[in-house]
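Student: For what it's worth, numbering that gives the first Met the number 0 labels the leading residue of the sequence shown as 0, then goes sequentially.
Treat each hint with caution, since some may be false.
Straight line, CA to CA, 35 Å or less: simulated DSBU-like cross-link-like pairs of lysine-lysine [what the hints assert, rightly or not]:
1. Lys10 <-> Lys35
2. Lys10 <-> Lys38
3. Lys38 <-> Lys67
4. Lys13 <-> Lys67
5. Lys35 <-> Lys13
6. Lys67 <-> Lys35
Derived Cβ-Cβ restraints for the label pairs, each shown as a range [as the list claims (entries may be wrong)]:
7. Lys67 <-> Arg7: 16 to 22 Å
8. Ser16 <-> Gly40: 27 to 33 Å
9. Asn6 <-> Gly31: 17 to 23 Å
The hints are simulated quantities; they were obtained by calculation from the structure and are not laboratory data.
As the structure is a prediction and not an experimental result, all values here were calculated from the model.
Note that beta-carbon positions come from the ideal geometry of N, C-alpha and C, so glycine has one too.
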Amino acid sequence: MDWGMENRIAKLIKPESGRAVWLAIDHGYFLGAVSKLEKPGETVKPLLAFADAIMLTRGVLRNCIDAKNSPAVILRVSGGNSI
């Protein structure tokens with residue numbers, strides 16, 4: 000594996016254990032409104048300290064997540080025409 004790929008994967012999966020906790024907060028994108036995720040920033044704030052990475056959309060990232068203090072980001076990207 001080349002350096003760049005190894006570096007990015009090491010930010011998502013702890014190299015010493017091979018384990019990770021990823022927090023998915025992108026459900027509203029494909030499921031529609033989800034109970035308790037109407038305000039995703041408030042809902043996930045107490046959980047962010049325990050997550051190695053967060054899975055979310057660009058809108059939630061820009062509006063709800065602190066850029067200076069967040070875990071690694073796995074950004075949802077869609078090429079579909081349902082937007």
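Student: For the pair supplied as a hint, Lys35 and Lys13, is the alpha-carbon distance within the 35 Å limit?
Tutor: Holds: Lys35 and Lys13 sit about 29 Å apart, inside 35 Å.
Student: Taking the beta carbons of Ser16 and Gly40, is their distance inside 27 to 33 Å?
Tutor: holds, 29 Å
Student: Could you grab the alpha-carbon distance between Lys38 and Lys67 and see if it respects the 35 Å cut-off?
Tutor: holds, 20 Å
Student: Does the alpha-carbon distance linking Lys13 and Lys67 stay inside the 35 Å limit?
Tutor: Given that 35 Å is the threshold and the Cα spacing comes to 21 Å, the pair holds.
Student: Is it true that the CA of Lys10 sits at most 35 Å from the CA of Lys35?
Tutor: Roughly 28 Å between the alpha carbons, so the hint for Lys10 and Lys35 holds.
Student: For the pair we were handed, Lys10 and Lys38, check the Cα-Cα distance against 35 Å.
Tutor: holds, 27 Å
Student: Regarding Asn6 and Gly31, is the given constraint of 17 to 23 Å on their beta-carbon distance met?
Tutor: Given range 17 to 23 Å: violated, Cβ gap about 36 Å.
Student: Lying within 16 to 22 Å: is that true of the beta-carbon distance Lys67 to Arg7?
Tutor: Holds - the Cβ-Cβ distance for Lys67 and Arg7, about 20 Å, lies within 16 to 22 Å.
Student: Holds or violated: are the alpha carbons of Lys67 and Lys35 at most 35 Å from each other?
Tutor: holds, 25 Å
Going down the numbered hints, you'll see the structure goes against just number 9.
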